[in-house]
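Visitor: The residues making up each chain are set out below.
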Amino acid sequence: MWQSLHTARLRGYVEGMISRLLVLFIAACLMGAARPVRAQTSVEVVVSSRAFALPGASVRLWTLPDSSRSLYATADTSGRAVIAELPAGRYRVRVESPGYAMYERNHVIAAVGVTRIVVALLEEAVELPGLTIQTDRRRVRFEESAGASVTELSQADVKMLPALGEADVLRAIEVLPGVVSTSDFSSSYNVRGGGADQNLILLDGLPIYNPFHLGGLFSVFNADMVNRTELFSGGFPAQYGGRVSSVLNVESQARGAGDGTGLDIQGGVSLLATRVAAGVDLPKALLNGTGLASGRARLSVRRSYFDQLLKPAFEFPYHLTDVQLFSEAVSSNGTRVTMTGYSGRDVLDLAGVDSFPLKVRWQWGNDVIGGTITKPVGGGRVLETRAGYTRFRTDIRFPEFGDTEFSSRIDQALLRAELSGRRSSVSWRTGASADWLSYDNLAQSGGTVFGQGNDSGWMLGTFAQQSLRTGPLLVETGLRVDAWLPKSSGALASLQPRLALKYFAGDSENVAFKLAAGRYAQFAHSLRDEELPLGIDIWVLSGDRAPVTVSDQVQGGIEAYLPKQWYAQVEGYYRLFDGVAANNPAEDPNDLRDDLLRGTGLSYGADVQVRRDGGRVRPMLAVSWLKATREFDDVGVDPNDPPKLRYAPIFDRRLDVDLVVLAMLPREWMLSFRWNVGTGLPYTRPVGSYVVYDYSVLRSRLSGPARGSDTATAVVLGERNAERYPVYHRLDAGVRRTFKKSWGTLTPSFDLLNVYDKRNVLFYFFEYDRSPATRSGVSMFPLLPTIGVEVRF
Amino acid sequence: MRLLRLYPALLLLATFSASACTLTEVTAAESDDVIIAEIVLRTDDVIQTAYLHRTTGAGMSPSVPGASVVVRDEARGLDMRFAAAPASNCVEPVSQGVTGSCYTFVGDRADINDPVIRPGTRYSLRIVTADGRVLTGVTDVPAKFSMIRPAPEVTPSGVRLSCKLEPGTVFDLTWQQSAGASVYLVEARMPRLREALRAAGTNVEGDDAVELTGLSISAADTTLRFPSELGLFDRFDDSLFPLLLAIRDGLPADVTATVVVAAADRNYVNWVRGGNFNPSGAVRISSIRGDGRGVFGSIVAQGMAISTQTSSTRPPC
Numbered sequence: 000m001w002q003s004l005h006t007a008r009l010r011g012y013v014e015g016m017i018s019r020l021l022v023l024f025i026a027a028c029l030m031g032a033a034r035p036v037r038a039q040t041s042v043e044v045v046v047s048s049r050a051f052a053l054p055g056a057s058v059r060l061w062t063l064p065d066s067s068r069s070l071y072a073t074a075d076t077s078g079r080a081v082i083a084e085l086p087a088g089r090y091r092v093r094v095e096s097p098g099y100a101m102y103e104r105n106h107v108i109a110a111v112g113v114t115r116i117v118v119a120l121l122e123e124a125v126e127l128p129g130l131t132i133q134t135d136r137r138r139v140r141f142e143e144s145a146g147a148s149v150t151e152l153s154q155a156d157v158k159m160l161p162a163l164g165e166a167d168v169l170r171a172i173e174v175l176p177g178v179v180s181t182s183d184f185s186s187s188y189n190v191r192g193g194g195a196d197q198n199l200i201l202l203d204g205l206p207i208y209n210p211f212h213l214g215g216l217f218s219v220f221n222a223d224m225v226n227r228t229e230l231f232s233g234g235f236p237a238q239y240g241g242r243v244s245s246v247l248n249v250e251s252q253a254r255g256a257g258d259g260t261g262l263d264i265q266g267g268v269s270l271l272a273t274r275v276a277a278g279v280d281l282p283k284a285l286l287n288g289t290g291l292a293s294g295r296a297r298l299s300v301r302r303s304y305f306d307q308l309l310k311p312a313f314e315f316p317y318h319l320t321d322v323q324l325f326s327e328a329v330s331s332n333g334t335r336v337t338m339t340g341y342s343g344r345d346v347l348d349l350a351g352v353d354s355f356p357l358k359v360r361w362q363w364g365n366d367v368i369g370g371t372i373t374k375p376v377g378g379g380r381v382l383e384t385r386a387g388y389t390r391f392r393t394d395i396r397f398p399e400f401g402d403t404e405f406s407s408r409i410d411q412a413l414l415r416a417e418l419s420g421r422r423s424s425v426s427w428r429t430g431a432s433a434d435w436l437s438y439d440n441l442a443q444s445g446g447t448v449f450g451q452g453n454d455s456g457w458m459l460g461t462f463a464q465q466s467l468r469t470g471p472l473l474v475e476t477g478l479r480v481d482a483w484l485p486k487s488s489g490a491l492a493s494l495q496p497r498l499a500l501k502y503f504a505g506d507s508e509n510v511a512f513k514l515a516a517g518r519y520a521q522f523a524h525s526l527r528d529e530e531l532p533l534g535i536d537i538w539v540l541s542g543d544r545a546p547v548t549v550s551d552q553v554q555g556g557i558e559a560y561l562p563k564q565w566y567a568q569v570e571g572y573y574r575l576f577d578g579v580a581a582n583n584p585a586e587d588p589n590d591l592r593d594d595l596l597r598g599t600g601l602s603y604g605a606d607v608q609v610r611r612d613g614g615r616v617r618p619m620l621a622v623s624w625l626k627a628t629r630e631f632d633d634v635g636v637d638p639n640d641p642p643k644l645r646y647a648p649i650f651d652r653r654l655d656v657d658l659v660v661l662a663m664l665p666r667e668w669m670l671s672f673r674w675n676v677g678t679g680l681p682y683t684r685p686v687g688s689y690v691v692y693d694y695s696v697l698r699s700r701l702s703g704p705a706r707g708s709d710t711a712t713a714v715v716l717g718e719r720n721a722e723r724y725p726v727y728h729r730l731d732a733g734v735r736r737t738f739k740k741s742w743g744t745l746t747p748s749f750d751l752l753n754v755y756d757k758r759n760v761l762f763y764f765f766e767y768d769r770s771p772a773t774r775s776g777v778s779m780f781p782l783l784p785t786i787g788v789e790v791r792f
Numbered sequence: 000m001r002l003l004r005l006y007p008a009l010l011l012l013a014t015f016s017a018s019a020c021t022l023t024e025v026t027a028a029e030s031d032d033v034i035i036a037e038i039v040l041r042t043d044d045v046i047q048t049a050y051l052h053r054t055t056g057a058g059m060s061p062s063v064p065g066a067s068v069v070v071r072d073e074a075r076g077l078d079m080r081f082a083a084a085p086a087s088n089c090v091e092p093v094s095q096g097v098t099g100s101c102y103t104f105v106g107d108r109a110d111i112n113d114p115v116i117r118p119g120t121r122y123s124l125r126i127v128t129a130d131g132r133v134l135t136g137v138t139d140v141p142a143k144f145s146m147i148r149p150a151p152e153v154t155p156s157g158v159r160l161s162c163k164l165e166p167g168t169v170f171d172l173t174w175q176q177s178a179g180a181s182v183y184l185v186e187a188r189m190p191r192l193r194e195a196l197r198a199a200g201t202n203v204e205g206d207d208a209v210e211l212t213g214l215s216i217s218a219a220d221t222t223l224r225f226p227s228e229l230g231l232f233d234r235f236d237d238s239l240f241p242l243l244l245a246i247r248d249g250l251p252a253d254v255t256a257t258v259v260v261a262a263a264d265r266n267y268v269n270w271v272r273g274g275n276f277n278p279s280g281a282v283r284i285s286s287i288r289g290d291g292r293g294v295f296g297s298i299v300a301q302g303m304a305i306s307t308q309t310s311s312t313r314p315p316c
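If you read the protein sequences in the order shown, they are chains A and B. One point on numbering: in numbering that gives the first Met the number 0, the residue at position 199 of the first sequence is 198, and numbering is uninterrupted. One point on numbering: in numbering that gives the first Met the number 0, the residue at position 108 of the second sequence is 107, and numbering is uninterrupted.
Treat the hints as calculated values from the structure; they're not laboratory data. Note that the structure is predicted; figures quoted are calculated from it, not measured. A portion of the hints provided could be inaccurate.
Here are the in silico distance ranges between beta carbons for each label pair [claimed, not checked]:
no., chain 1, residue 1, chain 2, residue 2, range
1, A, 355, B, 147, 53 to 61 Å
2, A, 386, B, 147, 16 to 24 Å
3, A, 350, B, 198, 39 to 47 Å
4, A, 355, B, 308, 34 to 42 Å
5, B, 244, A, 322, 33 to 41 Å
6, A, 350, B, 165, 26 to 34 Å
7, B, 281, A, 354, 39 to 47 Å
Beta carbons are placed, not taken as given, at the ideal position from N, Cα and C, and that holds for glycine.
Turn these sequences into a full structure, and let the hints guide you.
Guide: Listed below in structure tokens is the structure:
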């Protein structure tokens, strides 16, 4: 009762706040529009190496001769940094990027228009992986982004964390604040009380629908190909649509080992797979006529080897393969062209295994291809166009029973254009997108269809966002409109305003208070039961059979850059979800539209992050407090007239603490520790079990328990998710050392997962048919040592 | 759709449960005492049964004696009061594990035109146990339906459903739609199938009769290919797998199958198909309300014979 009253009040408060923010948003847009535009001079610095753009490079300008004023910017994904509204005159320009020699020269900035400075940095051997660039990028985002809660991980960060077999992006983000993982066996994750299917996962801007191998044990992202990863855990700007909980951006890199040019090869062997990546400069002949000056491409191949390794002992008919290609090329005027391709397959082929009676072939995987052109269009504006295609499909075939097929696929073709610019203290971005989506799911056997669903349609979207800095206040406004036009039903649209405020305090503006609110919508759902630790996403799109999820969210907090490269952030949030979908176990076979239950959700909590961004020892502490609920019809009580049931979802981990320490020691030794402790996850306790009697239509009777110990039992469940597993905690440690050889580098690694062998509960089994009745269970990872080796040359 | 969702997940779960570790801590668990009631009304039988049992391990005898079981014909306002009966009336075969209580209602009319349970009618259930617990339920019996193939044959002794099938051939069992049916169950019993397959050169073991089930989901799916689409739930059974492969293209000669096509209501379907995942066992969706769980379902059935005997005089399928 009190809970309901409390929730209703909070809900009313948030809805009221959203309404007020809408008014504020419109007012801010009008302010921005009414602001007088003065003629400005500006400088655009285009930073590249010999072969590719250098996003993240830091650009500093000092006035000459007295250095009385200093200006700062960071290169964007096209390697471009723009500084506007500066007086004409002579400047000292310094450009830095990790792994490259610093550029520093004097330049004259013209009195009128845009002065373009093209800088080509030369590679430098000395490299401290991922330190400086992170610091700079984070600082720039701190200064320029009002609303988003973003955390970045570089390739070096990902590779240094202790891992199961090999470095994994999705495993690595589990250490970030607001992120909950429900099982050691799955790299699936939940962010701030959102479902796993509410995370948008992008590879170079292209969505990946099921980014997992081996049912979720590890992700499809090959760390050798990843440049950096950024997680928007909330407050993401209007340019991102399609999911309501978080956005994970995984950026590939073309640059390899050494000086980043010529042939580079990187390879590795882990307990899970072998992998190799090779990069080359694009031949001039290929670039001739395209206007591109230089370019680079990188191809990686990965395959698991259990099936081959274990063949002498026994059949292990599973393997995974993935191939990834990334290329980028730049022109002399700063145009950047990138191409991404990915194809991955997991194959379980029991057709050739004599010991398994039924012949089964099961495969699943993603295919992605796409490209992006980033082009300066004058006046400091940049046009980014992207086209791509992504799909996920899985099917299970039974060669001996052709009437049986379990298959699922989702396809998305996308076309996007975004224009961005900066003038004085205002930066803006606007864009439009047209995506074609379709899905087709089928489960049939023995001449009958157990379930099916398919639909297709256009998803049209447009957005505009702007950021206005006035004194210590940064105001970010945005509006996104998404329209989903499915063939099966009428159009569905969602208007999604976003507003964020940030107030900088202190002389150096190292402290900021921020508040953000917005509405988010998504038109796709996964049918995967999150209570299973492993599984494959089966996607459906909104329409007659699935709702649109709309989430109103408010978040606010404080972040601070502290001395000695320390950073701290505290952020609270409150999220409402409407149109959350769950499987309907009591679906009516005569009603094709009741496969999914439509429900609501609520989550609130707070995240704390303290980290050190520099130095040889870098600790990071993330503390996440969460309370999440879901409310659905309780069809288990009465499918025809179900009461409402509110419960804690499986990912409702109330307190989650991650402590990570990365240490770079002398002589290329690297140590890493991760300690994770989390309060128990909810589960539903069976209160009893009973003997199952099958009804025989032939005999008009129940069939008795036929074979003594084979007696089947079913369970009577207690209140849904009312019980909690014990506290989870686990310490992982890793050590690696890089040996520099004449031909390249060799990095062996040794990781120890669950150092003190804590038996964290995966499941409890209640066995009431035993005498006495018992509760037993299975644990997650035991103490698990893994080794690997990586070579680069 | 659930099968599609759960099958891959369960396969993976089985694989990785093996790699996880058993918890060393095993504690005693206390079970609640929950009454389970299983009542499936049938239109083609004068005897209706109710089987009551309990959750195991609750320190109680699994039987539920002394209960009042009443099924009411809501259209006519007639009550059927069930009486205690031997377990064999409810469960077959009766083995040591059958420890529940059986109740039956025996109708006094065997008239096919006025059966005890009438198709298309709503029935309600009320059970009051000896300790005062009350269980209730409602079922809407699916509507009557007729077979199309094999076609009903009018004989002096009544309507007969049977046909002759050429060995090594299949045909589509076809029937009219039954309004309100959620699924059609097709069960076939073939006493001499193993022997006939051995005679035809297929290596199958055993001599017991083979019982196979087929399924058509939703009221609109009114065909099933006989016999290749039978045995849907037995394809993982080592002992039946070679047999199922052998009858993909038809039955061998000299086999007579007793076949029942039954239209079942939604309560029945919810009970047998299972609900959400729970690692401790299957979860079933109850249509019994109040102080217990279980099923109060209903079935409309049609029985027939299909023979591949060369001497058979039945009409062709």
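Visitor: For every hint, state whether the structure bears it out.
Guide: Going through the hints against the structure:
1. In this structure the hint that residue 355/A and residue 147/B lie 53 to 61 Å apart at CB is violated, the actual value being about 40 Å.
2. Between residue 386/A and residue 147/B the Cβ separation comes to about 53 Å, which falls outside the hinted range of 16 to 24 Å.
3. At roughly 30 Å, the beta-carbon separation of residue 350/A and residue 198/B lies outside the given 39 to 47 Å, and the hint is violated.
4. The beta-carbon spacing between residue 355/A and residue 308/B, approximately 37 Å, falls within the hinted interval of 34 to 42 Å.
5. For the pair residue 244/B and residue 322/A, the beta carbons lie near 37 Å from each other, so the given range of 33 to 41 Å is met.
6. The hinted range of 26 to 34 Å is satisfied by residue 350/A and residue 165/B, whose Cβ atoms lie roughly 32 Å apart.
7. Taking the beta carbon of each, residue 281/B and residue 354/A are about 26 Å apart, not inside 39 to 47 Å as hinted.
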